Amino acid sequence: MSKIIVLVGSVRKGGNTEALARAFANGAGQRHDVELVSVADYHIHPCLGCNRCYTSEGHRCFRQDDMVTIYGKLMEAEIVVVASPVYFYGISAQLKTLVDRLHTPMRNDFRIRKLGLILVGAATLPDLFDPILLQYRMILRFFRLEDIGTVLVNGAKEKGDVLQGDGLKRAFEMGSTLA
Amino acid sequence: MKILVLNGSPKVKSDTFRLTDAFLKGMNRSAEHEVHILHVREKKIAPCRGCFGCWARGDGHCVIKDDQNAILDLYRDADVIIWSFPLYCYGMPSHLKAVLDRTIPLVKMKMVQEADGTVRHEALVDFSRIHTVIICGCGFPHWEGNFDGLKQMCKTCFGNPEMVCVPETPLLNVPEAAVVADPLLARFEKAGEEYGAALSLSDKTIAELEKPMISAEEYIRQVNS
Numbered sequence: 001m002s003k004i005i006v007l008v009g010s011v012r013k014g015g016n017t018e019a020l021a022r023a024f025a026n027g028a029g030q031r032h033d034v035e036l037v038s039v040a041d042y043h044i045h046p047c048l049g050c051n052r053c054y055t056s057e058g059h060r061c062f063r064q065d066d067m068v069t070i071y072g073k074l075m076e077a078e079i080v081v082v083a084s085p086v087y088f089y090g091i092s093a094q095l096k097t098l099v100d101r102l103h104t105p106m107r108n109d110f111r112i113r114k115l116g117l118i119l120v121g122a123a124t125l126p127d128l129f130d131p132i133l134l135q136y137r138m139i140l141r142f143f144r145l146e147d148i149g150t151v152l153v154n155g156a157k158e159k160g161d162v163l164q165g166d167g168l169k170r171a172f173e174m175g176s177t178l179a
Numbered sequence: 001m002k003i004l005v006l007n008g009s010p011k012v013k014s015d016t017f018r019l020t021d022a023f024l025k026g027m028n029r030s031a032e033h034e035v036h037i038l039h040v041r042e043k044k045i046a047p048c049r050g051c052f053g054c055w056a057r058g059d060g061h062c063v064i065k066d067d068q069n070a071i072l073d074l075y076r077d078a079d080v081i082i083w084s085f086p087l088y089c090y091g092m093p094s095h096l097k098a099v100l101d102r103t104i105p106l107v108k109m110k111m112v113q114e115a116d117g118t119v120r121h122e123a124l125v126d127f128s129r130i131h132t133v134i135i136c137g138c139g140f141p142h143w144e145g146n147f148d149g150l151k152q153m154c155k156t157c158f159g160n161p162e163m164v165c166v167p168e169t170p171l172l173n174v175p176e177a178a179v180v181a182d183p184l185l186a187r188f189e190k191a192g193e194e195y196g197a198a199l200s201l202s203d204k205t206i207a208e209l210e211k212p213m214i215s216a217e218e219y220i221r222q223v224n225s
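Each protein sequence line maps, in turn, to chains A and B.
First residue of the first sequence? That's 1 in the numbering used here, and the numbers climb one at a time after it.
First residue of the second sequence? That's 1 in the numbering used here, and the numbers climb one at a time after it.
With a cut-off of at most 30 Å between alpha-carbon atoms, the simulated DSS-like pairs for lysine-lysine come out as follows:
hint	chain 1	residue 1	chain 2	residue 2
1	A	K73	B	K44
2	B	K13	B	K204
3	A	K157	B	K65
Now the stretches of chain A that chain B is said to cover, found in silico as 3 or more residues with beta-carbon under 8 Å:
hint	stretch
4	5 to 14
5	100 to 113
Now the in silico label distances, taken between C-beta atoms and shown as ranges:
hint	chain 1	residue 1	chain 2	residue 2	range
6	B	V12	A	S56	19 to 29 Å
7	B	Q113	A	Q164	14 to 24 Å
8	B	V223	A	H45	18 to 28 Å
9	B	V119	A	K13	27 to 37 Å
10	A	Q164	B	F52	12 to 22 Å
11	A	H45	B	H36	23 to 33 Å
12	B	V223	A	D166	41 to 51 Å
13	B	E122	A	Q164	20 to 30 Å
Calculated from the structure, these hints are not laboratory results.
Given the structure is predicted, the values throughout are model-derived calculations rather than measurements.
Ideal Cβ placement from N, Cα and C applies to all residues, glycine included.
With the hints as extra help, turn the sequences into a complete structure.
What follows is the structure in structure tokens.
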């Protein structure tokens, strides 16, 4: 049994990203301990690039905001799944804030071995997910993480749109097939 | 021309912005431009809520009342927009990404298909007259793959902007490295002059700007000492 954290990058409660994250959690929850961490529930400031965390005691960030809680959760995680709406061919700014704050030596103590990706786009453009997939592959390579898979859903704009199509099924299966 | 510079560095002393500053100096050599430098770190920009209230409103503004609407006004008025920022986790720093996410009020929900098959939202602004330049610095010694995601993202968001991605930019903050940093700043100034005159940069110029200042081995040695 692995500890899994799903980082949900949408501020819309009950939106398509959250629905897919929950479907994944339902699948993975059969064998693993899964927790959803939604950016909507935490107040996080952007990274200032000051690098004070490189020299501070315990690599503590000078900004003692809700990121402290998230660092604690990630410290326990073995698998992380990133779930985000696609905004301007990138992950949401809220989730990018969280990701930027992971530029800390604290991450050397993380036990994360595997990474997964769930993306939802309102548009149906063929190249919608390409930039994020390029970034995702760089992160897998840099941190030598195993890819547990990706669930990409396009054409989902209004709440509940994701109920159409097989997105929820694919997200569930990504979770249920996780060894 | 009206030039809007979006300085997305969170630092007051930005290495990347030194490059942008040199570029602007070069641009101003060809003509006197109206330059508006906006330091995003000083602005209050909430993240997009994905509510699409802007599309319901349809006046090119966001329903959230903070500093973004003033940026949108500058954005639609500009002839040239320079996005200047360091690479953070293979993308833009989050507070600049918040600015980009919240440019969505400048388009409508309605979609149009171009002759070449590409699909885009119908715009409230004539984006074809806005020229975009991306100047991005990175702390890595070489950039194989590091800028790929960002480049692809900017290409699709801005329609083939001029992009200059520079490795080893922390050297600009090291006095001893002036011997290699100053020539790079001079090249940026010259490139700014070229851009001011032609609103484009040659592949040769971009290659000269993106060339690492020192070898990867030397750079790693310097960082670790």
